[in-house]
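**Q** Here is what each chain is made of, one letter per residue.
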Amino acid sequence: DQQVKQNSPSLSVQEGRISILNCDYTNSMFDYFLWYKKYPAEGPTFLISISSIKDKNEDGRFTVFLNKSAKHLSLHIVPSQPGDSAVYFCAGGANNLFFGTGTRLTVIP
Amino acid sequence: DSGVTQTPKHLITATGQRVTLRCSPRSGDLSVYWYQQSLDQGLQFLIQYYNGEERAKGNILERFSAQQFPDLHSELNLSSLELGDSALYFCASSETGVRTEAFFGQGTRLTVV
Chain A
1 DQQVKQNSPS LSVQEGRISI LNCDYTNSMF DYFLWYKKYP AEGPTFLISI SSIKDKNEDG
61 RFTVFLNKSA KHLSLHIVPS QPGDSAVYFC AGGANNLFFG TGTRLTVIP
Chain Z
1001 DSGVTQTPKH LITATGQRVT LRCSPRSGDL SVYWYQQSLD QGLQFLIQYY NGEERAKGNI
1061 LERFSAQQFP DLHSELNLSS LELGDSALYF CASSETGVRT EAFFGQGTRL TVV
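Same order as they appear, the protein sequences are chains A and Z.
Heads up: the first sequence begins at 1 in the numbering used here, then just goes up one per residue.
Heads up: the second sequence begins at 1001 in the numbering used here, then just goes up one per residue.
Worth flagging that the hints you see were computed from the coordinates, not collected in a lab.
Think of the CB as a built atom: it goes at the ideal place given N, C-alpha and C, for glycine as much as any other residue.
Fair warning: there could be bad hints in the mix.
As the list claims (entries may be wrong) - Quick list of the computed label-pair ranges, beta carbon to beta carbon:
1. A:Ala41 to Z:Arg1022: 18 to 26 Å
2. Z:Arg1022 to A:Ser28: 30 to 38 Å
3. Z:Glu1054 to A:Ser28: 22 to 30 Å
4. Z:Ser1027 to A:Asn57: 44 to 52 Å
5. Z:His1010 to A:Arg104: 37 to 45 Å
6. A:Asn57 to Z:Ala1014: 45 to 53 Å
7. A:Ala94 to Z:Ile1060: 29 to 37 Å
8. Z:Glu1053 to A:Ile108: 27 to 35 Å
9. A:Asp31 to Z:Glu1075: 45 to 53 Å
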């Protein structure tokens, strides 16, 4: 049973525009959420996190939004750059982390 | 470099065999996680250890087992291997294992033939 879901397997965006990646979770006990970025043949790299006591967290070009009532989070990348092309995983949990299936982002120059 | 070391990087073995994957966490991290990624799928949580004790168990098969040693390195043992066990196995570590980011190793690619 997939507790964290990323329903869009892929997303293409023009360089300079906004990329919005979405994630849904089912377990209301989850109180900590993260986004990871993964390049081929490498392990996932931590990007940004958010605690359930917040609804937004920003780090440079990356912003994560959390809507607890909808059990939904999103990652905004502004502006998108070609180097952002990778697979993005969201993860959620409390004492451990459950990952979604990933969204492949392609930023077109 | 995340500071998490996994060995070996690649492993090819036959069905029915047993293999051991090794993970050295980042210095100071007490918690270790194991994940399986099959065929560009998501990361399936297998098991988590904290300071030598099992903390959480996910979709880990009975043929698989893991442990975390006093020096905090961890091993994942896979036995009676089947073709479907071919996957990337990732280890991650975190300081406390609770509400904190985990740092991933490069993974071990296991191919069962």
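**Q** Of the numbered hints stated previously, which ones are contradicted by the structure, given in increasing order?
**A** As far as the earlier hints go, 4, 5, 7, 8 and 9 are violated by this structure, in ascending order.
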